Amino acid sequence: MDISTRKSQTTEGDGPPATGTAHGTPDATRPDPAPRDEPAPGSAATPDTTPDATPDTAPAPVKPAPRPGATATAPGTATRRGDRVFLGLSRGSGILLLAVMAAIAVFLSYRAALAISEDRANFLTTFEWDPNSPEPVFGIAVLAFGTVVSSVIAMAVAVPVAVAIALFLTHYAPRRLSGPIAYVVDLLAAVPSIVYGLWGALVLVPHMNGLFGWLDTYLGWTGILAWQGGAPRSMLTVGILLAIMILPVITNVSREVFRQVPRAHEEAALALGATRWEVIRMSVLPFGRSGVISASMLGLGRALGETMAVATVLSPSFDIQASLLDPGGGTFAQNIASKFGEANEQGRDALIASGLVLFVITLLVNGAARLIIARRKEYSGANA
Amino acid sequence: MAKRIDVGGLSAFYGAHKAIEDISMTVEPRSVTAFIGPSGCGKSTFLRTLNRMHEVVPGGRVEGKVMLGDEDLYGPGIDPVSVRREVGMVFQRPNPFPTMSIFDNVAAGLRLNGDHKKSSLADIVEQSLRGANLWNEVKDRLNKPGSGLSGGQQQRLCIARAIAVQPKVLLMDEPCSALDPISTLAIEDLIGELKEQYTIVIVTHNMQQAARVSDRTAFFNLAAIGQPGRLIEIDDTERIFSNPSVKDTEDYISGRFG
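Line order of the protein sequences matches chains H and U. Start counting the first sequence at 119; every next residue gets the next number (the numbering used here). Start counting the second sequence at 2; every next residue gets the next number (the numbering used here).
Chain H with its partners taken away, still in its complex shape:
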């Protein structure tokens, strides 16, 4: 009874219809239909939930004539307050993110500039790292070389294997096999990098002797695969370990891309008399190519920044080895991790400067990946 009168009032309410209906509905669902009998306390105590109890058309007993207007706007501000809080929260989070990024960039640039201005040698080309002395000499040539080389090796090993695994999972494996395998691949991604490092140092390194000997015997003449017999804690070992670490992310993204190949494209190839491999070559790989590239960029980003696994496996030195098999070299992240403890303030600034270079390289890689993904979007939209 009470509710029905209220409903009729809200519908024929002459005030702004938007607010009238907006508050009529939540109120109608309220369990206690109190407000009509004691209008004053009801509307006063909970002004935001009982606005329609005192509409302009309300019968005599409602004394406070001016109140309706006041209470009618109250709920409006309540909703707007919610909106405003949410807007503030989300905008604040966005600004916070930007602020953090800016703080990192400013911090890195400032400390790096301090260090580089003290550097007695060329920061980009020097093969030495001695920033702690009063006459500091340091450069990133070795680190940049080692970082790029180990990542390139990792990519060269991981991408073909990851694409093969993804193709197997999507196009060859029976369904009850592909589920568990995909799960194991996911599991690989969850292993902490220090565990990879320990495994690499204790298991992978000793087992590399055989491979290194074989490479030296048959491909030693190339120079870059010659081996002088040192412990296999070299760039190649690091690259292989990094390959294992970035395998899961490349596999997972590639798998998703291959799974999205339209059935119609595959059937088109099948109907022409394509074998399974020809279907993959004609429709799956062309469709997935840009997706695989962006997946590889994701993996590359991880390989560039990997710290503990490299630091555990590599036997570092501040020179560039002509051969990938001879121990030595270093990467940005590994160098920061291993030199940070012993560094004085100037030394830390120098490490920060090297970190800035890594930051820039990673940004470039991410930018390239974004470009490729953007191109892919355009391309798939054209075929929708």
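Since the hints were made in silico from the structure, they are not lab data. Note that the structure is a prediction, hence the values are computed from the model and not measured. There's no promise every hint is true.
Claimed, not checked - Have a look at the derived ranges for each label pair, beta carbon to beta carbon: (1) U/D216 / H/P380: 27 to 35 Å; (2) U/G16 / H/L216: 49 to 57 Å; (3) H/T480 / U/A179: 43 to 51 Å; (4) U/E138 / H/A221: 55 to 63 Å; (5) U/H206 / H/L305: 44 to 52 Å; (6) U/A179 / H/G206: 46 to 54 Å; (7) U/L186 / H/T480: 55 to 63 Å.
What the hints assert, rightly or not - Residues of chain U placed beyond 12 Å of chain H at every Cβ, according to the derived structure: (8) A3; (9) G76; (10) Q128; (11) R142; (12) L143; (13) S184; (14) L186; (15) Q209; (16) R213.
As the list claims (entries may be wrong) - Footprint (simulated), chain H over chain U, 3 or more residues, beta carbon under 8 Å: (17) 44-58; (18) 92-105; (19) 159-173.
Using N, Cα and C, we set each Cβ at its ideal position, and we do this for glycine too.
Based on the hints, put chain U in the right spot on chain H.
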């Protein structure tokens, strides 16, 4: 080179579900045979058994016999891949390879077979595009992507791609259902020309289309939802549309159900 198709006691399954049951029919060479019937009656499934495309669906399985000329398509030792090179197919939605140029789309099937010299490849591509009435529209942009064509042009490109490998039979699964009337007309005219050389089987939901393009018409129906589809009758198109021998066919054609 067109060949006769003889189907005997053919049933097709999706896992445990029987989609079509005990179908027997003969498809004459150099003619157009249309399959009509309500949705879900198994016409498309049956069509896909004729080039062994049914079995690429997980759980897809076929029992019975399909003779192409004097070769049993489901005989032991028959490679489905080689069957599909003899029996071409055009799909409901135009599906040119999006990453390939117009030329490469038509050449795709030829390149699968290997051993094609560049010069003869260009000749065959031109012939096929002419055969699909598309040559004049695309001859200046053979290197542009096929996905840039209109829907009707894409479908004719797919037909060109299918006939480039000179199949014995051409299967068409509702080839005009995604096209506008003008493009549909172009495809129907093309079907009329292609039947001089090929055995054509077309699935269509459009009965006027079946009446216009086909020489013979097969009507499929199913007893109830979940029941396998069956061939009700196959006869000359004129007879099916004027004086069918089964009442169900007449009811369907006159729009009483379906």
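Each hint tested on the structure:
1. Restraint check, U/D216 to H/P380: a C-beta distance of roughly 34 Å satisfies the suggested window 27 to 35 Å.
2. Distance hint check for U/G16 and H/L216: the Cβ-Cβ separation is about 54 Å, which falls inside the suggested range of 49 to 57 Å.
3. Between H/T480 and U/A179 the Cβ separation comes to about 46 Å, which falls inside the hinted range of 43 to 51 Å.
4. Between U/E138 and H/A221 the beta carbons are some 60 Å apart, a value that agrees with the proposed interval 55 to 63 Å.
5. The hinted window of 44 to 52 Å between U/H206 and H/L305 holds, with their beta carbons roughly 49 Å apart.
6. U/A179 and H/G206 have their C-beta atoms about 49 Å apart, which keeps the hinted 46 to 54 Å range intact.
7. Under the hint 55 to 63 Å, the C-beta atoms of U/L186 and H/T480, about 58 Å apart, fit the expected range.
8. With a minimum CB-CB distance of about 18 Å to chain H, U/A3 clears the 12 Å threshold, and the non-interface call stands.
9. Taking the minimum C-beta to C-beta distance to chain H, about 17 Å, the non-interface status of U/G76 holds against the 12 Å cut.
10. Even its closest Cβ contact with chain H, about 17 Å, leaves U/Q128 beyond 12 Å, as expected for a residue assigned away from the interface.
11. Interface exclusion of U/R142 from chain H stands, the closest Cβ pair being 16 Å apart, more than 12 Å.
12. Every CB of chain H is more than 12 Å from the CB of U/L143 (nearest about 18 Å), matching its label as outside the interface.
13. Every beta carbon of chain H lies more than 12 Å from that of U/S184, the smallest distance being close to 18 Å; the non-interface claim holds.
14. At the 12 Å boundary, the C-beta of U/L186 stays outside the reach of chain H, the nearest C-beta of that chain being 24 Å off.
15. Remark: the non-interface label on U/Q209 is consistent with the geometry, its nearest Cβ contact in chain H lying 26 Å away (cut-off 12 Å).
16. Once the 12 Å rule is applied to beta carbons, U/R213 is consistent with being away from chain H; the minimum gap is 25 Å.
17. Using a Cβ-Cβ cut-off of 8 Å, 3 residues of the stretch 44-58 of chain U lie near chain H, which meets the minimum of three, so the contact claim holds.
18. Beta-carbon proximity to chain H at under 8 Å applies to 8 residues in the stretch 92-105 of chain U; the threshold of 3 is reached and the given coverage holds.
19. Judged by the Cβ-Cβ criterion of 8 Å, the stretch 159-173 of chain U is covered by chain H as claimed, because 4 of its residues qualify and three suffice.
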